[in-house]
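Student: Take a look at the letters that make up each chain.
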Amino acid sequence: EDKVVQSPLSLVVHEGDTVTLNCSYEVTNFRSLLWYKQEKKAPTFLFMLTSSGIEKKSGRLSSILDKKELFSILNITATQTGDSAIYLCAVEVWSHANDMRFGAGTRLTVKP
Amino acid sequence: DSGVTQTPKHLITATGQRVTLRCSPRSGDLSVYWYQQSLDQGLQFLIQYYNGEERAKGNILERFSAQQFPDLHSELNLSSLELGDSALYFCASSVVEGKAGELFFGEGSRLTVL
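Just so you know, the protein sequences line up as chains U and L, in that order. Numbering follows my numbering, with no gaps: position 78 of the first sequence is 78. One gets my numbering by counting positions in the second sequence from 1 and adding 112 to each.
It should be emphasised that the hints constitute simulated quantities derived from the structure, not laboratory data. Note that beta-carbon positions come from the ideal geometry of N, C-alpha and C, so glycine has one too. Treat the hints loosely; a few may be bogus.
Said to hold, decoys possible - Over the 12 Å line for every Cβ pair with chain U, so calculated as not near, a few chain L residues:
#1 127
#2 130
#3 173
#4 191
#5 193
#6 225
Said to hold, decoys possible - Which chain U residues face chain L? A few, computed with CB under 10 Å, are given here:
#7 43
#8 71
#9 84
#10 88
#11 101
Put together the whole structure using the sequences plus the hints.
Tutor: This is the structure we're talking about:
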């Protein structure tokens, strides 16, 4: 059975801290791994990773994929209160149709 | 604003009832996906449609059904509702058949079953 496991499930930090969120997976026919940020309602897309070792970066957020060890990390540096959200990891598998497995998410709280 | 519209935003109903959730995808997107998110749970895939045809089924109960209409909007029907069906139901759309990649999510419909 395909699995996507995120850790930690929740995390509380103070502004300015750096955090690392983890996503490990066990799926057949891996295609890509995606990170989403969910604030109050709809998840919004952050990154899509398909190749090992290539870092994707957007401002203070960055992510990298390790296809050998089957995990990805999402780093957030100099955290701000606006980074407080649930961060979802999703793994897409090759299929004729949607096959995207979501993890349970990491709830990040950034305190002032 | 993702461009995906869901109605209603909130819905409160009683056990045993039936409700319909509606989704309009982004302009040009042919694929529509439905997800369920219960409290403190991740997103659970329910079902996908592409251009009016069902493409994939996930953990969708037999009491639930969906369809996609010629104008590409989709409806998710939930019947014989139980307390455990209380959740946030998301619709998402993407443009490329079978290759989800980036999904654009609606704001969700929060269903409360009392």
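Student: Now look at each hint and say whether the structure bears it out.
Tutor: We went through each hint and held it up to the structure:
1. Against the 12 Å criterion, residue 127 of chain L stays outside the reach of chain U, whose nearest CB is about 25 Å from its own CB.
2. Residue-level check passed: residue 130 of chain L sits 24 Å from the nearest beta carbon of chain U, beyond 12 Å.
3. The non-interface label for residue 173 of chain L is consistent with chain U: the shortest C-beta to C-beta separation is roughly 18 Å, beyond 12 Å.
4. Annotated as non-interface, residue 191 of chain L keeps its C-beta farther than 12 Å from every C-beta of chain U; the closest such distance is 24 Å.
5. A cut-off of 12 Å between C-beta atoms confirms that residue 193 of chain L is not in contact with chain U; the least separation is 22 Å.
6. Distance check for residue 225 of chain L against chain U: the nearest CB is about 20 Å away, which clears 12 Å, and the non-interface claim stands.
7. Given hint, residue 43 of chain U at the interface with chain L, holds; its Cβ is 5 Å from that chain's nearest Cβ, closer than 10 Å.
8. Checking residue 71 of chain U against chain L by beta carbon gives a least distance of about 17 Å; that is not within 10 Å, so the hint is violated.
9. At its closest, the beta carbon of residue 84 of chain U sits 16 Å from a beta carbon of chain L; the interface hint therefore is violated under the 10 Å criterion.
10. The beta carbon of residue 88 of chain U comes within 7 Å of a beta carbon in chain L, closer than 10 Å, and the hint placing it at the interface holds.
11. Annotation: residue 101 of chain U was flagged as interfacial toward chain L, and the flag holds, the nearest CB pair being 8 Å apart, inside 10 Å.
Consistency with the previously given hints fails for numbers 8, 9, ordered from lowest to highest.
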